[in-house]
Each structure stands twice: as C-alpha cells, then as structure tokens.
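Based on the hints, put chains B and C in the right spot on chain A.
Next come the chains, spelled out residue by residue.
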Amino acid sequence: MTNFLKWWQTVKISWVKHTAYRLNFFLQIIGPSLVFFFVKYNLWTSIFEQSATKVIQGYTLDQMLSYHAWAFIISLVAQGHGSWNLSEDIRLGRISSYLIYPFNFWEFHTASFISFQGIQILIAGVTLLFFSYISIISSFSFEVLLTGFTFTLLVSIFWFLTQYFTGLLAFWLEETWILRVMLQIVSVFLSGAIIPLELYPEWFVKILNFTPFPYLSYYPIQIMMGRDVSLVSGVVIICSWIVGLIFINKFIWRRGLRLYTAAGM
Amino acid sequence: MSSDTVINVSQLCKKFVSFKKEPGIVGSLKSFFVRNPIEKIAVNNFELKIKKGEIIGLLGPNGAGKTTLMKMFTGIVVPTSGELSILGYQPWQRDKQFRKKIALVMGQKSQLWWDIPAMDSFTLLQKYYEIPEDKFNERISHMSEILEVKDLLHIHVRKLSLGERMKLELMASLLHDPDVIFLDEPTIGLDLVAQENIRNFIKEYHARTGCTIIITSHYMADVQALCERLVLIMGGKKGFDGPIHEFEKVLGNEKTLSFSFSTEQNPEAEIWKNYYPEWDEKNRSVELRVPEEELRDLSMKVLQNLPVTDFATEKLPIERVMKTLMENPELLKERSND
Amino acid sequence: MLSNIKHYLSVYRKFVATSIAVNTSFRTSFVMLIIMDLFTFFTTIYSIDFIYNHIDTIGPWGRNELLFFACFMLMIDNLHMILFSESFWELSFSIKNGSLDFVILKPLNTIFSVFFRYFRPSSCVLTPLYIFYLIKYGNLVGLGTLDWVLLPFMIFSGLAVLVLIEFCFCSAMFWVTEGIGINFLRLQLQQLSRWPNFIYGPLARKFLTVAVPITLIGSAPVHFLLDKSRYGLFLAMPVAIIILIFILRIVWEKGLRNYDSASS
Numbered sequence: 001m002t003n004f005l006k007w008w009q010t011v012k013i014s015w016v017k018h019t020a021y022r023l024n025f026f027l028q029i030i031g032p033s034l035v036f037f038f039v040k041y042n043l044w045t046s047i048f049e050q051s052a053t054k055v056i057q058g059y060t061l062d063q064m065l066s067y068h069a070w071a072f073i074i075s076l077v078a079q080g081h082g083s084w085n086l087s088e089d090i091r092l093g094r095i096s097s098y099l100i101y102p103f104n105f106w107e108f109h110t111a112s113f114i115s116f117q118g119i120q121i122l123i124a125g126v127t128l129l130f131f132s133y134i135s136i137i138s139s140f141s142f143e144v145l146l147t148g149f150t151f152t153l154l155v156s157i158f159w160f161l162t163q164y165f166t167g168l169l170a171f172w173l174e175e176t177w178i179l180r181v182m183l184q185i186v187s188v189f190l191s192g193a194i195i196p197l198e199l200y201p202e203w204f205v206k207i208l209n210f211t212p213f214p215y216l217s218y219y220p221i222q223i224m225m226g227r228d229v230s231l232v233s234g235v236v237i238i239c240s241w242i243v244g245l246i247f248i249n250k251f252i253w254r255r256g257l258r259l260y261t262a263a264g265m
Numbered sequence: 001m002s003s004d005t006v007i008n009v010s011q012l013c014k015k016f017v018s019f020k021k022e023p024g025i026v027g028s029l030k031s032f033f034v035r036n037p038i039e040k041i042a043v044n045n046f047e048l049k050i051k052k053g054e055i056i057g058l059l060g061p062n063g064a065g066k067t068t069l070m071k072m073f074t075g076i077v078v079p080t081s082g083e084l085s086i087l088g089y090q091p092w093q094r095d096k097q098f099r100k101k102i103a104l105v106m107g108q109k110s111q112l113w114w115d116i117p118a119m120d121s122f123t124l125l126q127k128y129y130e131i132p133e134d135k136f137n138e139r140i141s142h143m144s145e146i147l148e149v150k151d152l153l154h155i156h157v158r159k160l161s162l163g164e165r166m167k168l169e170l171m172a173s174l175l176h177d178p179d180v181i182f183l184d185e186p187t188i189g190l191d192l193v194a195q196e197n198i199r200n201f202i203k204e205y206h207a208r209t210g211c212t213i214i215i216t217s218h219y220m221a222d223v224q225a226l227c228e229r230l231v232l233i234m235g236g237k238k239g240f241d242g243p244i245h246e247f248e249k250v251l252g253n254e255k256t257l258s259f260s261f262s263t264e265q266n267p268e269a270e271i272w273k274n275y276y277p278e279w280d281e282k283n284r285s286v287e288l289r290v291p292e293e294e295l296r297d298l299s300m301k302v303l304q305n306l307p308v309t310d311f312a313t314e315k316l317p318i319e320r321v322m323k324t325l326m327e328n329p330e331l332l333k334e335r336s337n338d
Numbered sequence: 001m002l003s004n005i006k007h008y009l010s011v012y013r014k015f016v017a018t019s020i021a022v023n024t025s026f027r028t029s030f031v032m033l034i035i036m037d038l039f040t041f042f043t044t045i046y047s048i049d050f051i052y053n054h055i056d057t058i059g060p061w062g063r064n065e066l067l068f069f070a071c072f073m074l075m076i077d078n079l080h081m082i083l084f085s086e087s088f089w090e091l092s093f094s095i096k097n098g099s100l101d102f103v104i105l106k107p108l109n110t111i112f113s114v115f116f117r118y119f120r121p122s123s124c125v126l127t128p129l130y131i132f133y134l135i136k137y138g139n140l141v142g143l144g145t146l147d148w149v150l151l152p153f154m155i156f157s158g159l160a161v162l163v164l165i166e167f168c169f170c171s172a173m174f175w176v177t178e179g180i181g182i183n184f185l186r187l188q189l190q191q192l193s194r195w196p197n198f199i200y201g202p203l204a205r206k207f208l209t210v211a212v213p214i215t216l217i218g219s220a221p222v223h224f225l226l227d228k229s230r231y232g233l234f235l236a237m238p239v240a241i242i243i244l245i246f247i248l249r250i251v252w253e254k255g256l257r258n259y260d261s262a263s264s
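Chains as they are written, first to last, in the numbering used here: chain A, 1 to 265; chain B, 1 to 338; chain C, 1 to 264.
Hints listed in this document are in silico derivations from the structure and should not be mistaken for laboratory results. Be careful, since some hints might not be right.
Derived pair list, reagent style DSS-like, types lysine-lysine, alpha-carbon separation capped at 27 angstroms [what the hints assert, rightly or not]:
id: 1; chain 1: C; residue 1: 6; chain 2: B; residue 2: 96
id: 2; chain 1: A; residue 1: 17; chain 2: B; residue 2: 40
id: 3; chain 1: A; residue 1: 17; chain 2: B; residue 2: 15
id: 4; chain 1: B; residue 1: 127; chain 2: C; residue 2: 14
id: 5; chain 1: C; residue 1: 254; chain 2: B; residue 2: 101
None of the values given here were measured: they were computed from a predicted structure.
With the rest of the complex left out, here is chain A:
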C-alpha cells in the first residue's frame, strides 16, 4: 500500500512537470499535427489527383488519409515518450539520489512514463474525436477500437523499454540523444508511419517482418482500420520483445551501476 502511494505521488509530480510549461506542451502537440495537416494531407491529396487509377496498392484517397490519421493518433500513444530525463539523470550524476531514496530508479521513470501516457491518451482521444468529426476517420466499432488501443499500449511499453535501454547507455556514452534520434528516424521510416508498407518493395517488407518495426505503426493501424491481421502473432512478438528488453535493461543497469559506483562519477 505504501508502495502504491509512492507510485501515485511520483505519477502526480511527473504530471505537474510535464504540463509546467504550457506553451511548450502545446507546441509539442501542435507541431506534429501541423505536419499532418500540411504535409501528409496535401501530399497524398495531390498524389491521388494525378494518379488516373485512383487506387494505389489497395488504398483509395480516403483510406490513405485515414491511414495517416491513425498513424498520427497511434504515434501519440505508442511513441510519445522520449525518456529524455533518464540519460540526463545518469550523465549529471543525479542518479546518486535514487540510490539513497527508498524508491528505485526504474520505478521513478516508469511512474513518469505512466503519467505521461495519461496525458498522451487524453490528447489522442480528443484528436480521434476531431478526426471523426471532420470525417477523416470514418466509422469504427468500439470493439475494434478497444483491441487496437490495447495493442497500442503494448507497443508503447515496448517503446518505453527501448528508450530506457538507450537512456541507460549514458553510463558509457556521453550523448545518448543521437542514438534516440537515430532510432526515431529509422523507426518512422520502417514502421510504415510515412508510407504504408504495401508501397515498399516486397523483398524489403519480408525482411521487415522479422523486425519489431512494423508493429510500431503499421500493425496497429491495420487493426484500427478493421483490416485482417493476425493479432496473435503480433501480440506474441511484441510481448517477447518486452520480456527480452526487461532482462537486457536489468543486466545493463547492473553493469552500469557497477561502473558508476566504482568510478564515483
């Protein structure tokens, strides 16, 4: 019970931190949506205007737009969290205070993640309402939404763990943001967030299916759009990645901590 209170308090404090600078907060939401409306909407509209066939790899213009609308909403929940603080904590030596608190480093950052997700889900919900109001996203059933949302949450845990992983590398690297931006660039490209994977060369998609990337955007979008995807294999793959990453992170944390305490950074 006391442990729960610790978690709850941390979640609350992180919430305050996340919303402390409100302009900042708005810009972080407005930015991507600006890109969505300006670039993606306009780009695909003009691509479809030129194309005589009007159906590209099984996508009509409406479907393409709702693909990107879903991509936007899903990225809010699945890939919103950056874990920027984590590597800062390590690099600036603030980690020592966690070693003294009766509340662990991972617990603190996980609580911070949970609180951030609370905000992101709220925003995603509002965005979804807006998209369906301007009918970029047409009808969806509640059941599909629930399945898709659950899967997206699973993906977000996976993403959090990868971010946590790169953050932990701050024990050895002086700047981990480069790694994180790298991961961002690659995952946006390989997850189908820019272009649906149907447009990629076939051999390329075959290789991709062996990586977790398509599960970050493409799969949840397919679920949300009510298309036929094998849900079981998706869940199994993401869950095994999650379990694997938990072990890797535990291992790395222990190694890093040994280095940290030995060097007395």
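Relative to chain A, chains B and C alone:
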C-alpha cells in the same frame, strides 16, 4: 555628474512577474488554463553613487536583489524604471564600447568552456575583446603566476577543482583589463585557503590597476578584507551605505560581553534584561550586547556578585551586525527614522 | 566596416576551432552523428523513391525532378547541420539556465555570438555524398551551364531564408523560458519546407509563401531551375531575406530586453 563618478543609480526599480500555482494535479490543470500573475519587486527605488577606484561590498540576504542589481549594472537585465548610468553608458543599451569596459564574475556560473582547456577559452576571449597579442600574453603570464595556475591552463576545465576553476574564471574576466568589475559571490563554495587566495588576488589587482570593483558575498571575511564601503540591500531597498567602520556601529556603540559561570544561573534575572542575553543550554554562560558606556558598571556588578570563571569583551563584529539586521530588519528602519 | 568584418571572421575562426576541439574529443558521438545524418539522407531519398514506384508524377514533377528537389533541400540541410543546428539547441538551454548572461556581456553582436557559436564538423564528412547526389539528379533533370553556376548561390540563399525564419522564431524563447518546444516547432517547419509548394492547397501555399515563407527556401529556386518562365518566386527570395533581417533585428532586440536571466 562629476567625471569621477563611475556608477550613478537613482530610483532604480525592477519588477518580475511569476505565476502562482496550487499543488497537485488539479492545481496544475487549473494553472494550465488560468494563471495568477504575481508581481515581485526585486529592486525598489535604489540609489547609489560609486566613484572611480572604489571597492564596495554589496550585502544582503538571499533574494534581497543583489544579483538582480548586478545584472542590471551589466546590461543583462533591463530595469523596469529609474535611472542607471555606468561609465556614462546606459547598460541595457549594451553598447559595444561599454561591454569592453566591464567584467562580471559569477561564483555560481561558469563562462569557461567545460570540455576544453581554459587556454582555448582565453584565446577565444582574446578575439572577442580584440586584445593585442603582446598584452594578452603579458596578462596571462602575469596573472597565472600570481594565481599559481600556470600548469592548469592546458588541462580540460571539467577536470579541475572548484577553487582552481574559480581562479581561471577570474582570469578570463580580467583579460580585457576592464574598468569596472562586478564580482557576484566569487568565493562561494571554496575552502578557506582558496577564499583567501582569491581575496588577495583581487586586492593586489585593485591596487595595481585602480579599477572599480563591486563585490557581493555572504562571507564577511571577504568584505572585511576588501571593502572600504558597504551597501546593504534588503527587500530590494537600500538599508545602509557607508564606510565599513560605521557599519560596525550601526546598532549603536555596542560591544559583546561574554561570561562563563561555575554554577547554573537564572536567565530571567533582572540584571540581564536590557542586554539581549543569549544563554547556552545549561545556563552556565551568556553573551550580552552592551552599550560602551555601561560596559564598566555591568562588568563590575557581574564579577562581584556572581561566580564568574571567565569573561571576555569584543566589539560587535560585522558578521554579528549582519545577522542581527537580517533577523530584525525593523532595526534599520528605526535607525533611519532617527 | 572592413576591420569589423575581419574581427568577426577572426572570432568565427575561433568558434570553429573550439567546436572541432570539443567534437573530436567525443569520438563515439562523432561517429554516431555521421550515421544519424546517413539515416536521414537515405530515408528521405527512399521514401520518395518508393512512392514513385506506384505513380508517375506528383503535381507537375516526375521522379527525377522531385529527387532533385529533395537533394537540393538535403544539401541545405547539411549546411544547416554544420553551421547552425547545434546553436539552436544550445540557445534554449542557455536561456533556461541563465548561461546566456556571458554571451550578452561580450562586445559582439548577440545574433552572431548566439547562432554562429557551434560548428558541427561531423556533418562535413558527408558533404561529398550530398554534393554527389545533387550533381547526379541535376544531370538527370538536365541543368544547363548557367544553372550549375547559379546553383551554389541558390543553395546559400535558401539556407539564408531558412535560418532567418528560424532566428525569428527563436526570439520567442526569451518569453517562454523553456525553449525546447520552439525548437520542436522549428523542426516541423523544416519538415514543411522539404516538400515542393504545389502539394499545398491555395490557402496554405499563400501562407507558406507570404507569412512564413518557407516555400521560398527550396521550391522557389528549383522551380526556376527547371522552368525559366517561373522566375517570380525566385526574385522574391532576396526581398524576403531583406524583410526577414529587418524583422529579426526588431524581435531579437525585443527578446533580449525581455530576458530575465535565471538566477543562480
């Protein structure tokens, strides 16, 4: 304004606006949409005149407005109202010639580049201030000799101790031979020896160049060693301005008188009443603040009537005056009403 | 005037020297930054390539034209990375923690000492790659001799428009204290400039030409290179640069006055 007045401040004010926030999620949600601005007056109708070549100590408790003043003097922060002229310039216009004539050293912030040796930062500053090569070399070798940092110039700054870094910070700020130097807590966090080194260097530097120095510090030793004149700022207002020996008498001609006794005493006894007694927990020793003219009578009375084992007297040190004033700001008001 | 330029050049030389000294002392970061740039480069090229596997044209442009445009923008991006990008992030930090104090104190133009401060040598390593691709697609769209001569100037004017817009946006950091959000907004603006102006609807296009003229960065010069009758927007570039400099000087000065300087 006479030509040897370097700093001239009148009716200077600075207001900051911040926001009030209630704790908790509800509070942060509320403040997310509606903000209650709070106006904080950091500096209020401040007056000051400083002549060329003076070293003055700017004192005051945390948050009194010292740093804000320094930042207005150097043109970093723009005053809300009032007049401010330094070397004939208005700092906030940030004239290039003005900026070449001043220097600011902050004990809590570093201008040296963390990841490279100090010497690299120095050569960059040389370019900034267009310092001729020969003058530059001369100043570097001279200052590094006095400060004993010759071997540190080529070591990465992040590997240096705080004391070593502070010496190099000082050097960095003095390379361009400024006319007015602002030192904002230059000895903060340093050990006693390092503090004294810095102090001696500033003293020597001032004697040699005759520059004007304004220094803030919480260490009275700094002030006592360096400053002839003190300016006290409290709550954004000037509380005292005058020579240091007058500051010691600001609470009247009082001295500290301390007694130790062989037996427990009654702290409530009539005899202590007017002398602000401070007892130890066993009531076996006491410190009193006694006006000079009563010193003799009181001492005799205590020595005759009570089992005294030891006693001592000293004039009220500046540190004690500061502490008393900080705890009882109303004492200053009473004094200025006189 | 001349001595002033000399002074600034000598300071800039020091900026570059110190940046190189710092950057090369962190070797892993140095290598990772190169890989990051490589990723950006190839994902941009292949995103366009993949789309063109399924369609012939977007607006008036076929594969080669759009890829030439993309290479033009990537070239600007490369220069931007080398010369400016680090300084933008540094500015938001230094406003927040008050280390901007020392920059303001120095007897230099603050726009110069803030935005030209950090140089990123790692991005220079890939510059030949960017140039190679630019030449490759320049040849494929059939640029003439005059076009090749004009190209470097166009790239630098495009860069000038881009950074001037960004400088203006960054002036807002003085009001918000936490400037990282503005940096993200800046990145999104860059995103908008990376697509040719014809994909935008009439209203959006007007906005992105007049109000926030990011379509002048790439679309204006590339349209002119590909079709000499479309010189209108190209001529607007120098005008935009002058107006932006004018606006920048005003907002920057206003911003500096508003600088609160975080207390220590």
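Hints, one by one, checked against the model:
For a cut-off of 27 angstroms, the pair hint linking residue 6 of chain C to residue 96 of chain B stands: about 16 angstroms separates their Cα positions. About 23 angstroms separates the Cα atoms of residue 17 of chain A and residue 40 of chain B, which keeps this hinted pair within 27 angstroms; it holds. Our distance criterion of 27 angstroms between C-alpha atoms is met by residue 17 of chain A and residue 15 of chain B, whose separation comes to about 26 angstroms. Note on residue 127 of chain B and residue 14 of chain C: the hinted pairing holds, with a Cα-Cα distance of about 8 angstroms set against a maximum of 27 angstroms.
As the CA atoms of residue 254 of chain C and residue 101 of chain B are separated by approximately 24 angstroms, the hinted pair is consistent with the 27 angstroms bound.
In this structure, none of the earlier numbered hints is contradicted; all agree with it.
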